[in-house]
Amino acid sequence: MHGNRFTGIILFSALIAFSAFGFSRDCSAQFSGPVTSTSAYSVPESQRMEPAALAKLLQAASGDPPVMLQVGSHIMFAQSHIPGSVFAGPGSQSSGLHLVETKVASTPRSKLIVIYCGCCPWDRCPNIGPAYKRLRELGFTNVKALYLADNFGNDWVAKGYPTDKGE
Amino acid sequence: MRRGINDSPRLRSCSRTAAARLFFVIAGLFVASLICPPPLRAGAPVNSLVGKEAPRFVRTDLAGRKIDLKAYRGKVVLLNFWATWCAPCKVELPHFAAWQKQYGPLGLEIIAVSMDDDVTPVRATVRKLELNFPAVMGDEKIGSQYGGVLGIPVTYLIDRDGIIRQRLEGETDLGELESTVVKLLAGK
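So the sequence lines, in the order shown, correspond to chains A and B.
Numbers 0 to 166, taken from numbering that gives the first Met the number 0, label the letters of the first sequence in order.
Numbers 0 to 187, taken from numbering that gives the first Met the number 0, label the letters of the second sequence in order.
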């Protein structure tokens with residue numbers, strides 16, 4: 000009886016260890032993106048905004064809507080973007096960062112600014128990090144990056160959140 | 000009264016132990032899945048256009064040649080949406096170049112559609128990666144035709160009859176994709 004219990008505990012432990020190993024491999028593949036000073040990982044977690052939170056914010060009839068900047072590709076912006084957002088990209092290029100500066104030139108420094116891209120999975124996005132960094136350098140104190148884990152299509156459009164297209 | 004074999008206390012005890020083990024295994028897996036959610040949907044097929052005729056487009060490629068998708072009937076077409084700033088795209092493209100060389104004589108044709116806003120970096124990348132297949136510049140029109148290209152890479156496999164057989168989104172399993180290409184070339 001004790002032997003059986005002991006065997007059970009060993010089997011259970013081995014299975015848990017095996018499962019954890021398998022899952023941790025997936026985890027490392029999922030979260031091992033390049034952590035450079037300008038990757039999306041450079042955006043502090045506290046400054047990320049979940050899509051559901053932004054959708055809720057936009058739904059609120061009253062209140063001051065945030066400034067929203069799409070800092071990715073213009074082709075993707077023209078296909079689909081968040082209503083009220085403006086194109087200000089790509090953040091990975093100097094021309095895009097210049098456009099970011101232009102778009103916020105008259106914006107108060109404490110105003111909520113939400114940037115988003117969604118061209119690629121979050122850990123591969125080349126645009127969010129540089130745009131966030133530039134806005135912080137310009138003195139904006141309330142900058143949030145929309146956390147699109149996979150891409151704009153899957154994490155915003157497919158979830159039924161509002162979209163617009165064209166210029 | 001004779002006890003049935005299933006009524007044996009030892010067997011009942013074993014059953015309880017086995018049930019307890021199963022419970023712990025399931026609970027362990029559940030906890031592990033909470034700690035780490037499953038991988039993202041990279042590579043997952045989106046099937047809205049699958050089984051339908053591939054939308055026709057006519058473009059001029061970077062070498063100045065006219066690329067009309069209709070003219071590719073009878074070929075298996077791998078249509079890849081990419082961009083120079085997309086890291087997974089640049090992993091895939093050299094493999095596609097190798098496939099074009101290997102399977103081109105069997106009827107494979109690869110077309111790369113860049114979703115870059117500017118052609119200059121596209122020319123540089125095509126040259127650097129020595130792409131041996133046509134590269135055209137995309138726009139929102141072709142993106143919308145192909146179900147909305149709102150995240151890249153996106154790859155379509157089109158059979159010899161011009162029917163879309165698969166759409167792959169995100170970083171693809173190249174081994175699996177190659178197997179599908181080979182099957183399509185064989186007419187399966």
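Worth double-checking, as some hints may not be accurate.
[Said to hold, decoys possible] For lysine to aspartate or glutamate, the following EDC-like pairs were computed, each having C-alpha atoms within a straight-line distance of at most 16 Å:
{"#": "1", "chain 1": "A", "residue 1": "K110", "chain 2": "A", "residue 2": "D163"}
{"#": "2", "chain 1": "B", "residue 1": "K140", "chain 2": "B", "residue 2": "D115"}
{"#": "3", "chain 1": "A", "residue 1": "K164", "chain 2": "B", "residue 2": "E139"}
{"#": "4", "chain 1": "B", "residue 1": "K140", "chain 2": "A", "residue 2": "D63"}
{"#": "5", "chain 1": "B", "residue 1": "K140", "chain 2": "A", "residue 2": "D163"}
Derived from the structure by calculation, the hints contain no laboratory data.
Looking back at the hints listed earlier, which ones does the structure fail to meet?
1 and 4
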